[in-house]
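Quick mapping for you: the protein sequence lines, in order, are chains A, B and C. Here our numbering is used: the first residue of the first sequence is 3, the next is one more, and so on. Here our numbering is used: the first residue of the second sequence is 12, the next is one more, and so on. Here our numbering is used: the first residue of the third sequence is 48, the next is one more, and so on.
Among the hints, erroneous ones may be present.
[As the list claims (entries may be wrong)] No farther apart than 27 Å at their CA atoms in a straight line, the calculated lysine-lysine pairs in the DSSO-like style are these:
hint : chain 1 : residue 1 : chain 2 : residue 2
1    : C       : K135      : C       : K109
2    : C       : K122      : A       : K70
3    : C       : K109      : C       : K122
4    : C       : K54       : C       : K109
5    : A       : K52       : C       : K109
6    : C       : K172      : C       : K54
7    : C       : K54       : B       : K25
8    : A       : K107      : C       : K214
9    : C       : K122      : A       : K52
10   : A       : K52       : A       : K107
11   : A       : K94       : C       : K172
12   : B       : K165      : C       : K54
13   : B       : K25       : C       : K172
14   : A       : K13       : B       : K25
15   : B       : K61       : B       : K28
16   : C       : K109      : A       : K70
17   : B       : K165      : B       : K47
18   : B       : K165      : C       : K214
19   : C       : K126      : A       : K70
20   : C       : K214      : A       : K13
21   : C       : K109      : C       : K172
22   : C       : K122      : B       : K25
23   : B       : K17       : B       : K61
24   : B       : K165      : B       : K181
25   : A       : K70       : A       : K52
26   : C       : K126      : A       : K94
27   : C       : K172      : C       : K135
28   : B       : K25       : B       : K47
29   : C       : K214      : C       : K54
30   : B       : K77       : C       : K214
31   : B       : K28       : C       : K214
32   : B       : K17       : C       : K54
33   : A       : K13       : C       : K172
34   : B       : K25       : C       : K214
35   : B       : K28       : B       : K17
In case anyone wonders, no lab produced these hints; they're calculated from the structure.
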Amino acid sequence: MVLASIAVIGKEHNPLYIRAFSRSQQDQSEESLLRFHFIVHTALDFVEDKIAAQRNAAQGSSSSSGPKLDPYLGLLYPIEDLRVYGYASTSKVKFIAVLDDEDVKDAQMNAFFRRLHGLYVDTVCNPFHPPNTELYDCAKFQRQVDRLVDAGLY
Amino acid sequence: MAHLRKTGDAVFSKVEKVNSELFSLTYGAIVTQLLKDYEEVDATNEQLEKMGYNIGIRLVDEFLAKAQISSCQNFSETAEVIAKVGFKMFLGVTAEVTNSNASEFSLQLTDNPLAEFVELPEQYSQLSYSNMLCGVLRGALEMVQMRVECTLTKDALWGDDVTELRVVLKELMDEEYKDDDE
Amino acid sequence: MAAAPHKEVAETCFSYLQMELVELVIGSDVSSVSTVELQRASRKIEAVGFQVGQRLAERYTKDTPRFAETIDVIKFICKDFWFEIYRKQIDRLQTNNRGVFMLQDNRNRLLARCSPSLERRGNAKQVAALYARFPAGLIRGALSCFNVTASVSIEVGELPSCEFTVKVQESK
Chain A
3 MVLASIAVIG KEHNPLYIRA FSRSQQDQSE ESLLRFHFIV HTALDFVEDK
53 IAAQRNAAQG SSSSSGPKLD PYLGLLYPIE DLRVYGYAST SKVKFIAVLD
103 DEDVKDAQMN AFFRRLHGLY VDTVCNPFHP PNTELYDCAK FQRQVDRLVD
153 AGLY
Chain B
12 MAHLRKTGDA VFSKVEKVNS ELFSLTYGAI VTQLLKDYEE VDATNEQLEK
62 MGYNIGIRLV DEFLAKAQIS SCQNFSETAE VIAKVGFKMF LGVTAEVTNS
112 NASEFSLQLT DNPLAEFVEL PEQYSQLSYS NMLCGVLRGA LEMVQMRVEC
162 TLTKDALWGD DVTELRVVLK ELMDEEYKDD DE
Chain C
48 MAAAPHKEVA ETCFSYLQME LVELVIGSDV SSVSTVELQR ASRKIEAVGF
98 QVGQRLAERY TKDTPRFAET IDVIKFICKD FWFEIYRKQI DRLQTNNRGV
148 FMLQDNRNRL LARCSPSLER RGNAKQVAAL YARFPAGLIR GALSCFNVTA
198 SVSIEVGELP SCEFTVKVQE SK
């Protein structure tokens with residue numbers, strides 16, 4: 003799978019991290035980043051919808067074990083030649099991935115989000131990192147995101 | 012020193028344990044609270060050492076009782092006991108002894124349970140984050156009649172490969188010490 | 048992704064840290080401090096607990112399904128969260144169903160460890176209440192991780208038991 007962009011969105015819908023990945027230099031422009039900001043922002047509405055739908059489904063099922071709200075939300079929406087996927091943690095942090103290609107399995111996306119979430123959790127466990135703040139200054143997080151994306155380590 | 016390693020493993024398997032992340036996060040929260048209170052790095056380093064000293068003087072009894080170590084013949088052996096039994100028993104990791112002689116040694120940690128997840132921000136680059144360990148060693152050794160100076164000489168958080176504590180023997184407080192072999 | 052080996056340290060180390068924290072904020076003689084100082088000390092200990100609780104909750108829910116209601120968050124704290132920290136669950140949970148929850152821990156591990164020395168000092172309850180500020184902070188921190196704002200008050204009972212009253216202010 004080819005990632006075009008990933009984003010981490012905080013508990014109050016505040017962006018903590020938005021990165022665009024591209025092989026061509028021109029695409030690293032402000033304009034391209036702005037486009038991803040827009041895509042991610044739109045994605046949040048879909049995240050809310052998905053969460054509400056999960057909740058309704060869980061209430062309908064009335065299972066004895068209580069509702070199971072899977073953090074993995076699947077495909078949120080397609081836009082132009084891109085596909086936008088989402089993941090919402092128990093702690094209300096949202097992860098968005100924008101993909102460039104067609105064929106990706108949910109299991110693979112889910113595994114990717116879990117890895118990304120793991121990196122996020124390790125980062126906020128740094129006592130010097132105030133929770134729910136931007137992640138651009140976190141060298142280790144940046145490095146590991148690069149590795150995760152470059153090497154396809156998921 | 013294989014028998015010391017074995018002793019360390021045996022003692023650690025018997026003590027009550029908690030997740031290391033609970034411990035490292037609590038330590039981290041105390042460090043950041045100190046920085047907030049003292050507003051400067053030097054005073055924080057000093058306070059961490061002091062807190063460690065208090066812990067060291069209390070913790071040595073438990074160590075001696077549980078590890079059942081007979082008195083050390085010399086300072087190098089003391090180093091090995093601390094590295095292989097002491098660190099293991101309390102922190103679940105062992106240290107490597109380097110540059111050891113009759114009056115000083117270094118302890119190197121590749122895995123420091125105090126600093127899991129930690130990255131020092133630029134304004135605190137001079138912080139001796141794990142300075143509490145220095146205090147613990149000073150306090151514990153003082154209880155067995157060795158006055159030492161201990162400093163954090165390397166730290167993975169400063170970009171070093173390992174975290175290193177340098178221990179220098181200043182004074183044996185009890186003349187009996189050298190004859191106290193069993 | 049390979050799970051990292053589960054690392055542990057001696058519980059003694061965790062206890063000593065908390066004792067030093069109490070000593071740090073109050074000094075070794077609790078009987079001589081004023082009410083104002085005691086309150087300031089309490090707040091500081093709770094603030095440290097809060098920092099820890101917030102981050103631990105983030106870790107301990109890494110692979111769990113999201114919670115539907117505030118009560119699910121409270122149940123998580125009473126069971127999994129408490130167990131990860133104290134190797135036991137909260138013994139009793141009561142609620143008035145209007146945002147107030149009472150969590151009773153009949154045998155808090157840290158208080159159990161400290162109580163022999165506390166009882167010798169005469170002001171055992173006062174000091175125990177200071178120690179209990181740390182778990183109170185843990186609870187408030189964990190709640191904040193799930194966007195639940197609350198206050199937590201403490202009632203120290205017969206040592207080493209203690210009760211936390213959680214008043215939820217709002218939940219988003």
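Each hint tested on the structure:
1. K135(C) x K109(C): holds (21 Å)
2. K122(C) x K70(A): Measuring from Cα to Cα gives roughly 15 Å; hence the hint holds.
3. K109(C) x K122(C): holds (17 Å)
4. K54(C) x K109(C): Since the Cα atoms of K54(C) and K109(C) sit roughly 17 Å apart, the hinted pair holds (cutoff 27 Å).
5. K52(A) x K109(C): Holds - the C-alpha atoms of K109(C) and K52(A) are around 19 Å apart, at most 27 Å.
6. K172(C) x K54(C): violated (34 Å)
7. K54(C) x K25(B): Holds - the C-alpha atoms of K25(B) and K54(C) are around 15 Å apart, at most 27 Å.
8. K107(A) x K214(C): violated (44 Å)
9. K122(C) x K52(A): Satisfied, since the Cα-Cα distance of roughly 25 Å is no more than 27 Å.
10. K52(A) x K107(A): holds (18 Å)
11. K94(A) x K172(C): violated (38 Å)
12. K165(B) x K54(C): holds (23 Å)
13. K25(B) x K172(C): violated (31 Å)
14. K13(A) x K25(B): The given pair, whose Cα atoms are some 42 Å apart, is violated under the 27 Å limit.
15. K61(B) x K28(B): holds (25 Å)
16. K109(C) x K70(A): Holds - the C-alpha atoms of K70(A) and K109(C) are around 14 Å apart, at most 27 Å.
17. K165(B) x K47(B): At roughly 24 Å apart (the allowed maximum being 27 Å), K47(B) and K165(B) satisfy the hint.
18. K165(B) x K214(C): violated (46 Å)
19. K126(C) x K70(A): Since the Cα atoms of K126(C) and K70(A) sit roughly 17 Å apart, the hinted pair holds (cutoff 27 Å).
20. K214(C) x K13(A): Holds. K214(C) to K13(A) sits at ~21 Å (cutoff 27 Å).
21. K109(C) x K172(C): Given pair K109(C), K172(C) is violated - Cα atoms ~36 Å apart, limit 27 Å.
22. K122(C) x K25(B): Measuring from Cα to Cα gives roughly 31 Å; hence the hint is violated.
23. K17(B) x K61(B): Cα-Cα ~31 Å, so violated.
24. K165(B) x K181(B): Between K165(B) and K181(B) the Cα gap is close to 21 Å, so the pair holds against 27 Å.
25. K70(A) x K52(A): Cα-Cα ~14 Å, so holds.
26. K126(C) x K94(A): holds (20 Å)
27. K172(C) x K135(C): With Cα atoms ~22 Å apart, K172(C) and K135(C) stay inside 27 Å; holds.
28. K25(B) x K47(B): With a Cα-Cα distance of about 37 Å, the restraint between K25(B) and K47(B) is violated, given a limit of 27 Å.
29. K214(C) x K54(C): violated (34 Å)
30. K77(B) x K214(C): violated (44 Å)
31. K28(B) x K214(C): violated (32 Å)
32. K17(B) x K54(C): holds (18 Å)
33. K13(A) x K172(C): Status violated; Cα separation ~38 Å.
34. K25(B) x K214(C): violated (40 Å)
35. K28(B) x K17(B): Judged against 27 Å, a Cα distance of about 18 Å means the pair holds.
In terms of the numbered hints stated before, the structure departs from hints 6, 8, 11, 13, 14, 18, 21, 22, 23, 28, 29, 30, 31, 33, 34, listed from lowest to highest.
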